[in-house]
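*Asks:* Can you make the complete structure from the sequences, with help from the hints?
As you go down the protein sequences, you meet chains E and D in turn. In this text, residue positions in the first sequence follow my numbering: the first is 3, and each later residue adds one. In this text, residue positions in the second sequence follow my numbering: the first is 3, and each later residue adds one.
There could be a bad hint or two in this list.
Each pair may be met inside one copy or between any two copies, as identical chains are not told apart.
[To be verified] Derived pair list, reagent style EDC-like, types lysine to aspartate or glutamate, alpha-carbon separation capped at 20 Å: (1) K75 - E256; (2) K191 - D128; (3) K157 - D172; (4) K75 - D39; (5) K115 - E197; (6) K115 - D71; (7) K245 - E193; (8) K46 - D200; (9) K159 - D172; (10) K264 - E7; (11) K264 - D128; (12) K51 - D39; (13) K115 - D200; (14) K54 - D154; (15) K157 - D128; (16) K75 - D172; (17) K191 - D221; (18) K179 - D154; (19) K175 - D154; (20) K169 - D154; (21) K115 - E193; (22) K161 - D172; (23) K50 - E135.
Treat the hints as calculated values from the structure; they're not laboratory data.
Number of protein chains: 2
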Amino acid sequence: MTALEKLLQKNEEGKFICVGLDTDLKRIPAHLKNYTDPVLEFNKAIIKKTYKHAAAYKLNFAFYESNGDTGLKTLEKTIAFIPKEILTIGDAKRGDIGNTSQMYAHAIFNQFKCDASTINPLMGEDSVLPFLEDPAKLNFILALTSNPGANDFEKLKLKDGSYLFQKIIDKVKAWNKKNNCGIVFGATKIEELQENIDRFGKLPVLLPGVGAQGGSLEDVVKLFKEKKRTGFIINVSRSIIYKSEENDFAFASEKEIIGLNKIIKGI
Amino acid sequence: MTALEKLLQKNEEGKFICVGLDTDLKRIPAHLKNYTDPVLEFNKAIIKKTYKHAAAYKLNFAFYESNGDTGLKTLEKTIAFIPKEILTIGDAKRGDIGNTSQMYAHAIFNQFKCDASTINPLMGEDSVLPFLEDPAKLNFILALTSNPGANDFEKLKLKDGSYLFQKIIDKVKAWNKKNNCGIVFGATKIEELQENIDRFGKLPVLLPGVGAQGGSLEDVVKLFKEKKRTGFIINVSRSIIYKSEENDFAFASEKEIIGLNKIIKGI
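*Replies:* Structure, rendered in structure tokens:
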């Protein structure tokens, strides 16, 4: 199964929530701190309770890298623990000159064995192409992000009247020769999604910015349904994994994702 | 000594070459492969022979990450081996939403103990600011890179007539409240540097793209001298560290950097 097939399969099952494993040692319940690897124990407990309901897992590399080589071991073990039929996204937002991107792609896909990556495209085509070599992988390229800083450059207006993020989307479509590209598009404002969804073509979309960051889950799903469009996942991190910061955290995460799936089903 | 002071001190000594430790296991001499950590042995040998002549060392994180947790240990040990008076740049080109950039900054500065970082600013202000908290560090923000893909987005013309990379430079100047920002500006075409150098203000500059990638060392140094401007380093990676791929590699790297320093002195 290719990464894209995994995603579409879950969408078919009515699953659209990507669980973001942005696990911060400082925020996990006290009783886990007696384990050799508390972050791994936390992740395993969350995965056990959510995998039947999740469309994907997104691993934010920063949270693991900040613990150095130990953190990367935790990252590797977490990914190995995720059932093979569920898409794993290495959210590393890399991008560098060709020979360096090649190394980053190797790290994400071969070393950490992720199905998918996120890519920062600022440095252009030769910084992106090394990630796109394997048609079985999937690459979500940053177009419009969900943070306030998106206004600084991504939303700059170009001479031809389009926005930078729109130019990025057009380039991604051109790069998508192996059907293994997607985009990241922040869902903080539904109007932006409405205005641009047709421009996406068939590109799979990873949508951050729903919930804590402001966008409405209902609005996003409704729009994709109106467009008769699958191939999308909505990332939810903190409001699932830290739903409870007590001993019942894993149960609380399960309850939360089931609740989100119910909302989606009802639309 | 702050990171900026380290850089300026070396410039004062007539040193402007930043040695890029993009060490690829596949390219290091056969006899080193018997060591437990061949990349570390290679780096140590290069550092021993070049540190008296180098203005800085740049560690390309991709080359270490691609070896997983083992690679990160090599990275840590390499940085620890570099004499304290020489600037170490963690070339990771990170950038993400605020809480994530915070984690990346922690990894680069506290975990790997680099003096400086490189940052990808696509996601804007809140993705950059977490790196700028410590005035003793230095942050080279990507403005114009030296690869062909720089044409795709960095050189797009904006509605106001400027280029995206120029807008980035202006933002970096605004962010530079703690005097710990710099820029990456590719030296592939001297005309681009000539046209933009006044826009840099006093920002320190990390210049890739000299040598193998096309720019002329003489032209770059001459221009900065004409402008009576220090606070810049020219990155050279492969043509120093792989000058010879035989047993004499470390001697060859020393000879190469001494040669480059002589050219600079003669300008």
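*Asks:* Run every hint past the structure and note whether it holds.
*Replies:* Verification of the hints:
In this assembly of identical chains, the alpha carbons of K75 and E256 never lie at most 20 Å apart, being 26 Å within a copy and 36 Å across copies at closest. Proximity of K191 and D128 under a CA criterion of 20 Å is satisfied inter-copy only: 18 Å between copies versus 31 Å inside one chain copy. When the C-alpha separation of K157 and D172 is checked against a cutoff of 20 Å, the pair qualifies both within a copy, at 15 Å, and between copies, at 16 Å. Taking CA atoms no more than 20 Å apart as the test, K75 paired with D39 passes in both settings, with 10 Å inside one copy and 18 Å between copies.
With identical chains, the CA atoms of K115 and E197 are never at most 20 Å apart, being 35 Å at best within one copy and 45 Å at best between copies. Both within a single protomer and between protomers do K115 and D71 lie at most 20 Å apart by alpha-carbon distance, with minima of 16 Å and 14 Å respectively. Within a single copy, K245 and E193 get their C-alpha atoms no closer than 28 Å, and across copies no closer than 55 Å, so neither meets the 20 Å cut-off. In this assembly of identical chains, the alpha carbons of K46 and D200 never lie at most 20 Å apart, being 38 Å within a copy and 54 Å across copies at closest.
Taking the closest pair of Cα atoms, K159 and D172 come within 20 Å of each other both inside a single copy (15 Å) and across two copies (16 Å). Within a single copy, K264 and E7 get their C-alpha atoms no closer than 23 Å, and across copies no closer than 58 Å, so neither meets the 20 Å cut-off. For the homomeric pair K264 and D128, neither the shortest alpha-carbon distance inside one copy (42 Å) nor that between copies (34 Å) is at most 20 Å. Taking the closest pair of Cα atoms, K51 and D39 come within 20 Å of each other only inside a single copy of the chain (19 Å); across copies the shortest separation is 40 Å, beyond that limit.
Within a single copy, K115 and D200 get their C-alpha atoms no closer than 32 Å, and across copies no closer than 46 Å, so neither meets the 20 Å cut-off. With identical chains, the CA atoms of K54 and D154 are never at most 20 Å apart, being 39 Å at best within one copy and 41 Å at best between copies. Only between protomers do K157 and D128 lie at most 20 Å apart by alpha-carbon distance; the minimum there is 15 Å, versus 23 Å within a single protomer. Taking the shortest Cα distances, K75 and D172 never come within 20 Å of each other, neither inside one copy (37 Å) nor across copies (40 Å).
Taking CA atoms no more than 20 Å apart as the test, K191 paired with D221 passes inside one copy only; the shortest distance there is 10 Å, against 48 Å between copies. Taking the shortest Cα distances, K179 and D154 sit within 20 Å of each other only across copies (18 Å), while inside one copy they are farther apart (30 Å). Only between protomers do K175 and D154 lie at most 20 Å apart by alpha-carbon distance; the minimum there is 14 Å, versus 24 Å within a single protomer. Proximity of K169 and D154 under a CA criterion of 20 Å is satisfied in both settings, with 15 Å inside one chain copy and 9 Å between copies.
With identical chains, the CA atoms of K115 and E193 are never at most 20 Å apart, being 36 Å at best within one copy and 43 Å at best between copies. Taking the shortest alpha-carbon separations for K161 and D172, both the intra-copy value of 16 Å and the inter-copy value of 18 Å come in at or below 20 Å. For the homomeric pair K50 and E135, neither the shortest alpha-carbon distance inside one copy (32 Å) nor that between copies (38 Å) is at most 20 Å.
When each numbered hint is compared with the structure, violations occur for hints 1, 5, 7, 8, 10, 11, 13, 14, 16, 21 and 23.
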